[in-house]
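Colleague: These protein sequence lines are chains A and B, in that order. Anchor point for the first sequence: position 45 equals 45 in the numbering used here, and the numbering is continuous, going up by one each time. Anchor point for the second sequence: position 309 equals 309 in the numbering used here, and the numbering is continuous, going up by one each time.
A hint or two may mislead.
To be verified - DEER-style ranges, computed between Cβ atoms:
1) 29(B) to 135(A): 15 to 25 Å
2) 54(A) to 72(B): 33 to 43 Å
3) 183(A) to 48(B): 50 to 60 Å
Since the hints were made in silico from the structure, they are not lab data. Please read all numbers here as calculations on a predicted model, not as lab measurements. Every residue gets a Cβ at the ideal spot worked out from N, C-alpha and C, and that includes glycine.
Each chain, written out:
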Amino acid sequence: MQIATQKDTNIIKAPPQKSLSPWAMARKKFVKNRLAMISLIFLVIVAIISFLAPFITTADITKVNIGQMSLEPSGDHWLGTDKAGRDVFTRLLYGGRISLLVGMSCTLFVIVLGTMIGSIAGYFGGTVDSLLMRFTDFILNFPFLVFVIVINAILFGRVSGLWVLIGVISLLSWGGIARIVRSKILAEKENEYIIAAISIGCSPTKIIVKHLLPNVLSTIIVQATITFATMIVAESGLSFLGFGVPQEVPSWGNMLSSAIEPDVMQFKLWIWVPPAIIITITILSINFIGEGLKDAFNPKSRR
Amino acid sequence: MLKYAFRRILGMIPMLFLISIVVFTLAKLMPGDSLSGEIDPRNTNPQYIAEMREKLGYNDPLPQQYFRWIGNFVEGEFGKSARYKIKVSDVIGERVPNTLLLGFTSILITYILAFFMGLYSGRKPYTLGDNLIGGLNYLGLSIPSFIAGVFAIFFFSFTLGWFPSNGSIDIGVTEGTAEYWLSRFHHVFLPAVVLGLLSTASYTQFLRNDIIENSRKDFVRTARAKGTPEKKIYNVHILRNSIIPLITFLGFDLVAIISGAIITETIFTYPGLGQLFLQSVGTRDYPVLMTLTMLFSFLTLIGNLVADVLYGVVDPRIRLD
C-alpha cells in the first residue's frame with residue numbers, strides 16, 4: 001500500500017522500498033510483544049549475572065564455614081547463609097551458571113540431533129525414514145526420568161560430572177524434535193522449488209541445509225525455546241532428587257534439595273525460597289518467550 | 001477400529017522385547033551382581049560365593065542368562081529383593097495400591113478442576129475470570145512439580161496445618177473403617193493435586209480453546225438462530241464436541257503419572273512405587289530396580305499405545321496410515 005502511494009506522488013525521487021522480510025516482520029512483532037520482551041530482558045540479565053558470577057562476588061562457594069551456619073539475611077549476606085555456612089546469594093549466582101549451562105548445552109545437542117535425524121528421515125523417506133522413525137519411537141518409549149536415574153546409578157563412581165549428565169539427558173530426549181522436524185520437512189519437500197533444486201542437480205545435503213532447513217527454522221526455534229525450559233526443569237528436578245549435578249557443585253536444583261529437611265523448610269526459608277522462585281520465574285519467562293516467538297512467526301496472527 | 005488397535009498392539013511386542021534387552025544390559029552393567037538377592041551377604045566365604053554364582057547361573061553366557069531372566073519375568077518370577085529378603089513381587093505388590101490411589105485421585109482432581117475452569121473460560125473468554133484462570137494455567141505449566149510440592153507442603157502442611165506432609169495413613173487406624181479411608185484420602189490429596197498440576201493446566205487450556213473455536217462454528221449459529229437457550233448451546237451442543245478430543249490425553253496422563261510419581265512420592269515421602277524405585281537405586285536393590293524399570297517402561301508403552309488408539313477413535317483418518 002505504502003509503496004503504491006509513494007509512487008503516485010513522487011514517481012522519480014522515491015527510492016525503491018523493500019517490503020519487510022519474514023524475519024524482519026517476525027522480529028517487529030516480537031519486539032511489540034511486551035510480555036515476551038520483558039521475559040527476554042529478564043533472562044538475559046539472569047544469564048549475564050550468572051556467567052559473570054566470579055567477577056561479581058568474591059565469596060568462596062565451596063568452603064564450609066562453621067562459624068556462619070544458617071545465618072538469616074543481613075547486610076553481609078544478602079540472602080543469608082545455608083547449613084554449611086555458604087552465602088546463599090553467591091551460590092544462587094553460581095547455581096544459575098550451572099543450571100543455564102546444562103539447559104543450553106542439552107538444548108543444543110537435542111536440537112542438533114533431532115533436526116539431523118528428523119530431516120534425514122523426512123527428506124529421504126522410504127526405508128531410511130521407517131528405520132529412523134522406529135528408532136525414534138523406541139527412544140520415545142523410554143520413561144525419561146527412570147532411565148536417566150538408572151544410567152546415573154550405573155555410571156556412579158566410574159565417571160561423573162556435568163557433561164555425562166548433559167550427554168545422558170540429550171541422548172534420551174531428542175525424539176520429540178525429530179518427529180516434529182520430520183513432519184515439517186515432509187510437507188515442505190513437496191514444494192516446486194525443491195523439485196527444481198533436485199532437477200538442477202543439487203546434492204541432498206545442500207537441499208536439506210540450504211533449502212529445507214531455513215524454511216522449517218521458525219518451528220525449530222520455537223521448539224528450542226520449549227526444550228530449553230524442559231531441560232532446566234529436568235536438570236533441577238534430577239539434582240533435587242540427587243541424581244543430577246554432583247552434590248558439591250551448586251545448581252538451583254541442588255540448592256532446593258535442602259528443603260527436604262523439615263527444619264529447613266519450616267524455619268529457614270531463605271535457604272530454599274530463592275532458588276525455588278528463580279527457577280519458576282526463569283521457566284515462566286522462557287515460556288513467555290516461546291509463546292511470543294510462536295506468535296511472531298505465525299503470519300496469521302493479527303498482533 | 002479393532003483391526004487398527006490389534007495392529008498397534010502387535011507392533012508393541014518387538015518394542016517390549018528391545019526394551020527388555022536394554023534393561024537387561026543396563027542391569028549387567030551395574031556394579032556388583034545385578035541379579036543377586038539370593039546370595040547371603042553375611043557369608044563372605046569366596047568358595048560359597050563362587051558356588052552360589054555357579055548355581056544361580058552368573059557364569060553362563062549372556063544370551064542364556066537373558067532368556068532365563070526374561071522367561072522367569074514373563075512367568076511372574078521376579079526374584080528376591082536384595083534388601084527386604086522377600087519376593088520382589090511382594091515388595092512391589094505392597095506399594096501398588098498406594099500409587100494406584102495416588103494416580104487415580106490425581107486424574108480425578110485434574111478432570112474436575114479442568115472441566116469447570118475450562119468450561120468457564122471457554123464460555124466467557126477475555127474476561128477477568130478467564131484471564132485469572134489463564135494466569136493460573138501459565139503458572140501451572142511453568143512451575144516444576146518438585147517446587148510446587150515443596151511450596152504445597154510449606155503452606156498447607158506446615159503453615160496452615162490442613163494436610164499431613166508425609167506418609168499415606170495415620171498411625172493406629174484400623175483397616176476397613178470409614179476413618180481409615182478418610183485418612184487415606186487426607187494423605188493422598190496434596191500429592192495428587194501436585195501430581196496433576198501440569199495436566200490440569202493443559203486440559204483447561206485445551207478445553208477453553210476448543211470451546212472458543214467451536215462456538216464460532218455453523219452448528220452453533222444454527223442453534224442460536226432457532227432460539228436454543230445459550231446455556232443449552234454451551235452445555236450440550238459445544239461441550240459434546242469439545243470433550244471428545246480430551247480423551248486422547250488419557251494415554252499421556254499415564255506416562256506423566258509414572259515420572260511424576262517418582263518426584264511427588266519422594267517429596268511427600270508417600271510409600272508408592274516411585275519412592276520404592278528411588279530407594280532401590282539408593283540401596284542397590286537390583287532385582288527390585290530392574291522389575292520396576294521394566295514395569296515403568298511397560299506402562300509408558302501402554303500409555304503411548306492408548307494415546308495412539310484413542311487418536312484413531314477420535315479421528316478415523318489416522319487409522320489408515
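Colleague: Which hints, by number, does the structure contradict?
Modeller: Result: hint 2 breaks, nothing else.
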